[in-house]
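Take the sequences, apply the hints, and build the full model.
Take 1 as the starting number for the sequence shown in this note's numbering and just add one per residue.
Accuracy of the hints is not assured; some may be wrong.
Quick list of in silico lysine-lysine cross-link-like pairs, DSS-like style, CA-CA up to 25 Å [said to hold, decoys possible]:
#: 1; residue 1: Lys62; residue 2: Lys48
#: 2; residue 1: Lys70; residue 2: Lys59
#: 3; residue 1: Lys39; residue 2: Lys59
#: 4; residue 1: Lys52; residue 2: Lys70
So the derived label-pair ranges between C-beta atoms look like this [said to hold, decoys possible]:
#: 5; residue 1: His80; residue 2: Thr29; range: 51 to 59 Å
#: 6; residue 1: Leu19; residue 2: Lys39; range: 41 to 49 Å
#: 7; residue 1: Glu13; residue 2: Gln42; range: 42 to 50 Å
#: 8; residue 1: Leu5; residue 2: Val45; range: 36 to 44 Å
#: 9; residue 1: Val30; residue 2: Met65; range: 29 to 37 Å
#: 10; residue 1: Glu28; residue 2: Ser63; range: 30 to 38 Å
#: 11; residue 1: Val37; residue 2: Glu3; range: 36 to 44 Å
#: 12; residue 1: Glu4; residue 2: Val30; range: 56 to 64 Å
#: 13; residue 1: His22; residue 2: Ile44; range: 52 to 60 Å
#: 14; residue 1: Lys52; residue 2: Pro72; range: 16 to 24 Å
Hint data in this document are derived by calculation from the structure and do not stem from the laboratory.
Glycine included, each C-beta is placed from N, C-alpha and C at the ideal position.
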Amino acid sequence: MAEELDVRVSEQEAKIHQLEIHQAYQDETVDQLSHLVAKQQQDIVELKHQLKVLSDFLKNMKSEMGSQIKLPSEESPPPHY
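Here is the structure:
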């Protein structure tokens, strides 16, 4: 009886140990993903800034050039259409 109890305890300890290992790997993965998301957010902020700069540049160019620059919707289709 005591021997059977020792076997069960050993099995439970082994299962707990495996769960702890699995959790450690999951914690590491979560940390890596968290850093990746933070980096992607930083990249998005930078890209939004670059897009705004480019958009402002194009708006200024259009206002300086006047009616010489047309929006794609204002352009007539090419002759092959």
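Status of each hint after checking the structure:
1. Between Lys62 and Lys48, the direct Cα distance comes to roughly 21 Å. Compliance with the 25 Å bound is thereby established for this hinted pair.
2. Pair hint Lys70 plus Lys59 holds up; C-alpha atoms about 11 Å apart against a cutoff of 25 Å.
3. The straight-line distance between the Cα atoms of Lys39 and Lys59 is roughly 30 Å, outside the 25 Å bound, and the hint therefore fails.
4. As the CA atoms of Lys52 and Lys70 are separated by approximately 20 Å, the hinted pair is consistent with the 25 Å bound.
5. The beta-carbon spacing between His80 and Thr29, approximately 54 Å, falls within the hinted interval of 51 to 59 Å.
6. Restraint check, Leu19 to Lys39: a C-beta distance of roughly 30 Å breaks the suggested window 41 to 49 Å.
7. For Glu13 and Gln42, the hinted distance range of 42 to 50 Å is satisfied, since their beta carbons lie about 44 Å from each other.
8. A hinted range of 36 to 44 Å is violated for the C-beta pair Leu5 and Val45, which are about 59 Å apart.
9. For the hinted restraint 29 to 37 Å between Val30 and Met65, the CB-CB distance of approximately 52 Å leaves it violated.
10. Between Glu28 and Ser63 the C-beta distance comes to about 53 Å, which lies outside the given range of 30 to 38 Å.
11. Separated by about 51 Å at the C-beta atoms, Val37 and Glu3 break the suggested range of 36 to 44 Å.
12. A C-beta distance of roughly 39 Å is found between Glu4 and Val30, which places it outside the suggested range of 56 to 64 Å.
13. Our hint of 52 to 60 Å for His22 and Ile44 is violated, since their Cβ atoms are close to 32 Å apart.
14. Our hint of 16 to 24 Å for Lys52 and Pro72 holds, since their Cβ atoms are close to 20 Å apart.
In the structure shown, a violation is registered for the earlier hints numbered 3, 6, 8, 9, 10, 11, 12, 13, in ascending order.
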